[in-house]
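Asks: These protein sequences, in sequence, are chains F and A. Heads up: the first sequence begins at 608 in the working numbering, then just goes up one per residue. Heads up: the second sequence begins at 15 in the working numbering, then just goes up one per residue.
Simulated from the structure, these hints should not be mistaken for laboratory data. The beta-carbon is built from N, C-alpha and C at its ideal position, and this holds for glycine as well. Any given hint might turn out to be false.
[As the list claims (entries may be wrong)] Cβ-Cβ distance ranges computed for the label pairs, FRET-style:
1. A:Leu51 to F:Lys890: 47 to 53 Å
2. F:Lys890 to A:Asp47: 40 to 46 Å
3. A:Leu108 to F:Pro880: 34 to 40 Å
4. A:Gly96 to F:Pro627: 16 to 22 Å
[Claimed, not checked] Just a few of them, taken from the derived set where beta-carbon distance is under 10 Å, the chain A residues facing chain F:
5. Gly54
6. Phe66
7. Gln77
8. Phe80
9. Ala82
10. Ala83
11. Lys112
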Amino acid sequence: MAREDVLVTADWAEENLDTPGVVFVEVDEDTSAYDTGHIKGAVKIDWKDDLQDPIRRDFVNQEQFSALLSERGIANDDTVVLYGGNNNWFAAYAYWYFKLYGHQDVKLLDGGRKKWELDARDVTTEAPKREATTYVAQPLDWDLRAKRDEVEAAIGAKNLIDVRSPDEYAGRLLAPAHLPQEQSQRAGHVPTALSVPWSKAANEDGTFKSNDELREIYVDEAGLDEDKATIAYCRIGERSSHTWFALRELLGYEDVKNYDGSWTEYGSLVGVPIALGDEPGEK
Amino acid sequence: MSDGCAAPDQDAALPASVDIEKETVLTGTVVNDEGELVQGAYVRLLDGSGEFTAEVVTGENGQFRFFAAPGEWTLRALSRFGDATGEVKAEQGLNETKLAVSR
Chain F
608 MAREDVLVTA
618 DWAEENLDTP
628 GVVFVEVDED
638 TSAYDTGHIK
648 GAVKIDWKDD
658 LQDPIRRDFV
668 NQEQFSALLS
678 ERGIANDDTV
688 VLYGGNNNWF
698 AAYAYWYFKL
708 YGHQDVKLLD
718 GGRKKWELDA
728 RDVTTEAPKR
738 EATTYVAQPL
748 DWDLRAKRDE
758 VEAAIGAKNL
768 IDVRSPDEYA
778 GRLLAPAHLP
788 QEQSQRAGHV
798 PTALSVPWSK
808 AANEDGTFKS
818 NDELREIYVD
828 EAGLDEDKAT
838 IAYCRIGERS
848 SHTWFALREL
858 LGYEDVKNYD
868 GSWTEYGSLV
878 GVPIALGDEP
888 GEK
Chain A
15 MSDGCAAPDQ
25 DAALPASVDI
35 EKETVLTGTV
45 VNDEGELVQG
55 AYVRLLDGSG
65 EFTAEVVTGE
75 NGQFRFFAAP
85 GEWTLRALSR
95 FGDATGEVKA
105 EQGLNETKLA
115 VSR
């Protein structure tokens with residue numbers, strides 16, 4: 608898959624704002640950003656209200672995803688271009704959902720909202736008008752999603768990539784530094800997991816680094832074994848979607864899964880091995 | 015599901031659950047050449063080795079806030095008015111910094 612099949616530039620986006628069959632979707636945790644101004648025609652998806660099951664700790668199922676996209680006016684054959692804040696974390700997370708549920712043509716806007724704002728490109732508060740569709744999602748593709756038992760079985764066997772900050776990896780912090788540090792679970796990382804913070808994959812303006820730079824980061828510097836399958840995780844699964852995107856969609860590794868349970872699940876499991884400190888640790 | 019990894023409202027008061035006696039908070043404002051508060055600036059926190067730790071977007075009052083640990087940190091602001099970098103030696107409690115962005 609070519610880079611331009613999955614990642615579009617802000618210039619491309621600006622040229623295709625009115626192209627029929629191209630739908631821009633802003634995905635945020637804090638959707639007030641969308642309300643203060645968004646790319647013209649872009650529809651909004653709230654990562655929590657729209658993408659998480661309201662009762663169980665899980666994300667929306669096939670039927671819920673179908674209903675969501677139908678209601679937002681997105682069709683199965685649309686080209687979906689996702690963007691959002693936080694260096695596209697939540698857009699990458701939504702991209703992973705679109706792939707999990709079999710959407711054919713989905714892309715990320717490189718740099719997301721941040722690059723768009725730093726470039727001082729136009730935004731609007733005008734609500735988009737889209738007719739409802741009858742979207743039909745495919746069954747969830749488990750080739751892209753790792754569950755907890757698979758993560759424990761991967762210790763010492765597959766590439767595990769911990770994409771949180773070095774302090775979270777080592778167990779010195781339990782959450783990113785802009786959030787209060789109250790948490791109940793244990794700190795540390797899955798033994799043998801390599802530490803490659805998600806931010807290594809991105810430039811300061813939020814765009815992805817080149818494939819050559821990415822390969823150097825994951826393979827040459829971190830020691831990712833290209834012959835093995837890979838599971839990426841973070842705290843709740845969206846930063847690792849960003850890395851999953853870099854590894855599978857940009858670098859083209861075939862067997863890459865995102866562990867969306869991530870550290871909030873693994874670090875609360877009873878009896879699983881945990882490593883502390885800056886080193887990956889032993890099996 | 016726990017709260018996301020994204021940044022909370024930067025203009026909000028410190029949550030009551032935050033114990034300022036125990037936390038190390040790096041806070042401050044972003045201003046432009048004219049000395050005006052800059053809303054919508056991207057401020058990132060880099061650790062002592064220059065590694066990215068977190069990023070927030072300033073609110074109406076140009077304010078940012080991080081929960082970190084005592085030690086040396088770098089603050090880096092990007093905005094449509096330009097960029098700025100600041101070094102902080104943080105101690106437990108509130109640590110305030112002003113970042114003046116320019117081209």
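Asks: Hint by hint, say whether it matches the structure.
Replies: Going through the hints against the structure:
1. A:Leu51 to F:Lys890: 47 to 53 Å: Distance hint for Leu51 (chain A), Lys890 (chain F) holds at roughly 52 Å.
2. F:Lys890 to A:Asp47: 40 to 46 Å: violated (55 Å)
3. A:Leu108 to F:Pro880: 34 to 40 Å: Holds - the Cβ-Cβ distance for Leu108 (chain A) and Pro880 (chain F), about 38 Å, lies within 34 to 40 Å.
4. A:Gly96 to F:Pro627: 16 to 22 Å: Since Gly96 (chain A) and Pro627 (chain F) have Cβ atoms about 38 Å apart, the given range 16 to 22 Å is violated.
5. Gly54: holds (6 Å)
6. Phe66: holds (4 Å)
7. Gln77: violated (12 Å)
8. Phe80: For Phe80 (chain A), the interface hint holds, since the closest Cβ of chain F sits about 5 Å away, which is under 10 Å.
9. Ala82: holds (5 Å)
10. Ala83: holds (7 Å)
11. Lys112: Given a least distance of 18 Å, the restraint on Lys112 (chain A) is violated.
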